[in-house]
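Q: Sequence:
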Amino acid sequence: MSEAIQIDINDLPFTKDGVGSLPADNKWPIIYLLHGSKKIAYVGESINVKSRLNDHLRTKKDKGLVSAHVINSQSFNMSVTKEVESKLIKYLSSDGRYELLNRNDGLVDHQYYQQEIYENVFDSIWGKLREKGLAVHSKKDIDNSDLFKYSPYKTLTGEQKKCVGDILINLSEGKFNSLLVHGGAGTGKTILATYLFKLLASPIAQLNYEEFGLNESQYQGLINKWGANPPSMALVIAMTSLRSTLKNVFKQIDGLQQKMVIGPGELTNRTYDIVIVDEAHRLRRRKNIPNYGSFDKTNKSLGLGEDGTELDWVLAKSQQQILFYDPKQSVRPSDVASDDFNKLQSIQPNPPLKLVQQMRCGGGSGFQSAVHRILDATDATSEPFPHDGKDSFEFFIFDDPNALIETIQSKDSVHGLCRTVAGYAWKWSKKDKEAEDVELSGKTYKWNTANRDWINSPNASKEIGCIHTVQGYDLNYVGVVFGKEITYNWQTHQIEILKDNYHDGNGKNATTPEELKSYVVNIYKTILLRGMRGVYVYACNADMQKYLKGHILHR
8 MSEAIQIDIN
18 DLPFTKDGVG
28 SLPADNKWPI
38 IYLLHGSKKI
48 AYVGESINVK
58 SRLNDHLRTK
68 KDKGLVSAHV
78 INSQSFNMSV
88 TKEVESKLIK
98 YLSSDGRYEL
108 LNRNDGLVDH
118 QYYQQEIYEN
128 VFDSIWGKLR
138 EKGLAVHSKK
148 DIDNSDLFKY
158 SPYKTLTGEQ
168 KKCVGDILIN
178 LSEGKFNSLL
188 VHGGAGTGKT
198 ILATYLFKLL
208 ASPIAQLNYE
218 EFGLNESQYQ
228 GLINKWGANP
238 PSMALVIAMT
248 SLRSTLKNVF
258 KQIDGLQQKM
268 VIGPGELTNR
278 TYDIVIVDEA
288 HRLRRRKNIP
298 NYGSFDKTNK
308 SLGLGEDGTE
318 LDWVLAKSQQ
328 QILFYDPKQS
338 VRPSDVASDD
348 FNKLQSIQPN
358 PPLKLVQQMR
368 CGGGSGFQSA
378 VHRILDATDA
388 TSEPFPHDGK
398 DSFEFFIFDD
408 PNALIETIQS
418 KDSVHGLCRT
428 VAGYAWKWSK
438 KDKEAEDVEL
448 SGKTYKWNTA
458 NRDWINSPNA
468 SKEIGCIHTV
478 QGYDLNYVGV
488 VFGKEITYNW
498 QTHQIEILKD
508 NYHDGNGKNA
518 TTPEELKSYV
528 VNIYKTILLR
538 GMRGVYVYAC
548 NADMQKYLKG
558 HILHR
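With the sequence shown counted from 1, adding 7 to any position gets you my numbering.
Hints may contain errors.
Subject to a maximum C-alpha distance of 25 Å in a straight line, what follows is the list of computed DSS-like cross-link-like pairs (lysine-lysine) [unchecked claim]:
#: 1; residue 1: Lys89; residue 2: Lys135
#: 2; residue 1: Lys89; residue 2: Lys147
#: 3; residue 1: Lys469; residue 2: Lys169
#: 4; residue 1: Lys34; residue 2: Lys45
#: 5; residue 1: Lys146; residue 2: Lys45
#: 6; residue 1: Lys169; residue 2: Lys45
#: 7; residue 1: Lys438; residue 2: Lys491
#: 8; residue 1: Lys469; residue 2: Lys491
#: 9; residue 1: Lys294; residue 2: Lys524
#: 10; residue 1: Lys335; residue 2: Lys491
Just so you know, these hints were derived from the structure itself, not from any lab.
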C-alpha cells in the first residue's frame, strides 16, 4: 500500500522570498531539510512549515544554511512525520554528506496505527534525496557502517529512554560518584554511551526533556551547576580497535571531537567532570599485561601503589563516572576483577541501572538465554533453539568448518559484515603477516592481519578473527569455530578447558582452572552474540561438537 503514497520534495532557496513562496498554511505536517554550502544541515518537521522556516531565518545559528527542501505528502500525519524525521536525522548523520546541527535528544521510538502502510515511505524519500545529490550512500551501506551503528543520533527504546532519564536524574541530584549500568552483549551499551555523551556535550540550556516524559525542573540543579556550558567529559575505551572506531565516529559528528575518546592511560592528562566508560569490564589490572613499567608509572603519577587498576585511574581523574559493564564479557586475567566493581557499587546510594532488551541479535533474548544455557551446561535436556522456517534469525551447526567459512563468505557478498571468528586455540605467528596458522580440515587460514578495525579491513572475510577484534562490534552473520581447547565431559556433564590447547599466554598464565574456564567460556559467549541475522557454529573437538549438536539444529 505504501507504494501508492505520493511523495513530493519542493526545493527552494532558504531566504525570505523563498520561504514566502510557500502556502500560508498546510493541513498536514511536513518534513524539511535545510543545508548550507559548508556541509551543514538541519532536519525538522512542522504542522506550519512556513512559520517554522521563518523562525529558522531569524535564528543566528542558521545563517550558514542556504537551501531548503520541503518533503510533503497528503498522506502524512504527525506520527509518520515524527518517524521519518527521526530516520532522516539518523541516516543523514551517518551518510557523510552533511554534519547535522540537530541535537540528539527527543529521538524516540514511534509506534502508531497502520504503521505498516508507511513502511516503505522512508525508502522512497531516501531514494529521492540521493537523486538530488542530498545524500550519497545507499541505506544498506549506511546500515553496515560504523558511523551508523555507533552514531549518537539513535532512536531510543522505552528501556533506553528510562535509563537515560535515570542517569540524568542521578547527575542532577549529585548523589553519586559512580553509576554502573549493567547490560549483556547486544543490549545497546555502546549506543547508549555515545548517545549520552552527545546529549551532555551539547549546550545544557538547549536540553529538551519532554520526550523523556520527565519534569524539566528536575534538572535545574544540573543547569545551575554547569551554567551555560557542558561539563568537561571523556569517553574512555580500553580496547584499542573499538577506541579507534569511536574516534572516527566522533570526528564526523558536529560538536564532538576525536580527542574526547581516550584510552585509560590518557586520564593522567587532566581531571574531568564526567567520565563515561564503555566496556568497563575490559579495564585492566596489573596482572598478565605486556608492559608493567608503563602501568607502574601511571600508578605512581596518580599516587597509587602497584595494586592500582585502570578503574582506580578513572575514579581518581573524574568527579563522576558512568560505567557500562558486563561481567560476563571479561575475557582475560588482566581485566579488572568483578569484586572491584562490586565493592564500588556497594558504596553507592543507588542500585545499578540495567539494560535487558536485546538490540543486536535477531534471535532476541531467547537466543541470548540459549547461549548462556548451552555454555553453562545447565540443562542437558533442553531443545535446540527454534526456527520458524522463514527468513528469520539463523542458528545452525555445521559438520565441515570450511563449508561454514564458505557460507559466511557467500553471506558477506550479499549482506556485508559477515565474519568468521574463533577461540585462541592455534599459535599465532604475529610477526609474520603471511603465516596461515589456523588449520581446519585440510585448509589453512590467516589470523586477523589488522589489529585495528579488522572487521572493515579488505581481507577480513578470508581470515579468522579473534575476540579482541570483534568485542563491542555488530556483525550480520558470524561463524564461530570452537577450538580444541574447549570440550565436553560426558561423565561429569560439564564443559572443560584443555589448557595445553589454549595459546593466549596473557590469558592462561597465573590462572586457576576455574578462572581459565570462566574466561574461555566468556570468549565464546561474547563472539556467539555478535550476529544480528545469524550464527553458524563448528567445534574442532569431537565431544564438544557432539554436545553442541544436541542443542543446535544441523545445517
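Q: Hints first: check each against the structure and report whether it holds.
A: Checked hints:
Restraint check for Lys89 and Lys135: the C-alpha separation of about 19 Å stays at or below 25 Å, so the hint holds. Restraint check: the Cα-Cα separation between Lys89 and Lys147 comes to about 22 Å, which is no more than 25 Å; the hinted pair holds. Proposed proximity of Lys469 and Lys169 is contradicted: the alpha carbons are some 42 Å apart, above 25 Å. This hinted pair does not check out: Lys34 and Lys45 have alpha carbons roughly 33 Å apart, beyond 25 Å.
Proximity of Lys146 to Lys45 is assessed by CA-CA distance (about 24 Å); at most 25 Å being required, the pair is judged to hold. For a cut-off of 25 Å, the pair hint linking Lys169 to Lys45 is broken: about 36 Å separates their Cα positions. At roughly 24 Å between alpha-carbon atoms, Lys438 and Lys491 fall within 25 Å of each other, so this suggested pair holds. At roughly 21 Å between alpha-carbon atoms, Lys469 and Lys491 fall within 25 Å of each other, so this suggested pair holds.
A hinted pair counts as satisfied when its Cα atoms are at most 25 Å apart, and Lys294 with Lys524 qualifies at roughly 17 Å. Under the criterion of a C-alpha separation no larger than 25 Å, the hint pairing Lys335 with Lys491 is consistent with the structure, at around 22 Å.
Violated hints, listed in ascending order, are 3, 4, 6; each of the other numbered hints is respected by the structure.
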